[in-house]
Structures are given as C-alpha cells and as structure tokens.
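Please construct the entire structure, taking both the sequences and the accompanying hints into account.
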Amino acid sequence: MFEGKIAIEFDESKEAEIFYKALKPEEISAPSYRTETRIVLERNKLLIVIKSKDLSSFRAATNSFLRLLNVIANV
Numbered sequence: 451m452f453e454g455k456i457a458i459e460f461d462e463s464k465e466a467e468i469f470y471k472a473l474k475p476e477e478i479s480a481p482s483y484r485t486e487t488r489i490v491l492e493r494n495k496l497l498i499v500i501k502s503k504d505l506s507s508f509r510a511a512t513n514s515f516l517r518l519l520n521v522i523a524n525v
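Following our numbering, the numbering of the sequence shown begins with 451 at its first residue and continues without gaps.
Any given hint might turn out to be false.
What the hints assert, rightly or not - Below 20 Å or equal to it, Euclidean Cα-Cα: the simulated EDC-like pairs (lysine to aspartate or glutamate) are:
1) K455 - E467
2) K474 - E453
3) K471 - D461
4) K464 - E453
5) K495 - E459
6) K471 - D504
7) K501 - E453
8) K471 - E492
9) K495 - E462
10) K474 - E486
Claimed, not checked - So the derived label-pair ranges between C-beta atoms look like this:
11) L505 - K464: 34 to 42 Å
12) E467 - S506: 28 to 36 Å
13) E462 - N520: 13 to 21 Å
14) L516 - N494: 15 to 23 Å
15) E462 - K503: 34 to 42 Å
16) S463 - D504: 34 to 42 Å
17) A457 - I478: 16 to 24 Å
18) N524 - P475: 16 to 24 Å
19) M451 - K495: 18 to 26 Å
20) N513 - I468: 20 to 28 Å
21) M451 - E476: 16 to 24 Å
In case anyone wonders, no lab produced these hints; they're calculated from the structure.
Positions of the beta carbon are idealized from the N, C-alpha and C atoms, including for glycine.
In structure tokens:
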C-alpha cells in the first residue's frame, strides 16, 4: 500500500476552512475501491491523507489534489 500526506499551514484559520470546504466534496465523491482519501482541518492546518493500493492510483490521486489546491488558491 502507498500512503502520502499533504500538509498545508495557513496564516489564518478562515483561509484553511475555505480550502477544506472546497475539497471535502472530493473526499466524499471519489471512487474508493483503489484509493482512500481523508481530509482533516485542524485550526489553521489542512491535512490531506491519500492511501492507494497501487502506485498508479496513488500518483493520480495526489496529482488531482495538487491541481485542485492550485485552482482554489488562484480563484
């Protein structure tokens, strides 16, 4: 199993909450037979945990979340 974490610390908890609310639907709607994703908000810190059965699905999920983070940051 492959596991990775993306941790982001924001200056303000309000900004972290905006990112969390934008990403949370992705955690719920993503197909979970190959990849499991967990998104956690702790004050001003956002943690995305990705676990996958194979490297290909791990890479795809990681890239998807990095792209989503970039889109949210640039809106």
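Verification of the hints:
no. : hint                    : verdict
1   : K455 - E467             : holds (18 Å)
2   : K474 - E453             : holds (19 Å)
3   : K471 - D461             : holds (17 Å)
4   : K464 - E453             : violated (28 Å)
5   : K495 - E459             : holds (4 Å)
6   : K471 - D504             : violated (28 Å)
7   : K501 - E453             : holds (4 Å)
8   : K471 - E492             : holds (13 Å)
9   : K495 - E462             : holds (9 Å)
10  : K474 - E486             : holds (13 Å)
11  : L505 - K464: 34 to 42 Å : holds (36 Å)
12  : E467 - S506: 28 to 36 Å : holds (32 Å)
13  : E462 - N520: 13 to 21 Å : holds (20 Å)
14  : L516 - N494: 15 to 23 Å : holds (20 Å)
15  : E462 - K503: 34 to 42 Å : holds (37 Å)
16  : S463 - D504: 34 to 42 Å : holds (36 Å)
17  : A457 - I478: 16 to 24 Å : holds (21 Å)
18  : N524 - P475: 16 to 24 Å : holds (19 Å)
19  : M451 - K495: 18 to 26 Å : holds (24 Å)
20  : N513 - I468: 20 to 28 Å : holds (22 Å)
21  : M451 - E476: 16 to 24 Å : holds (20 Å)
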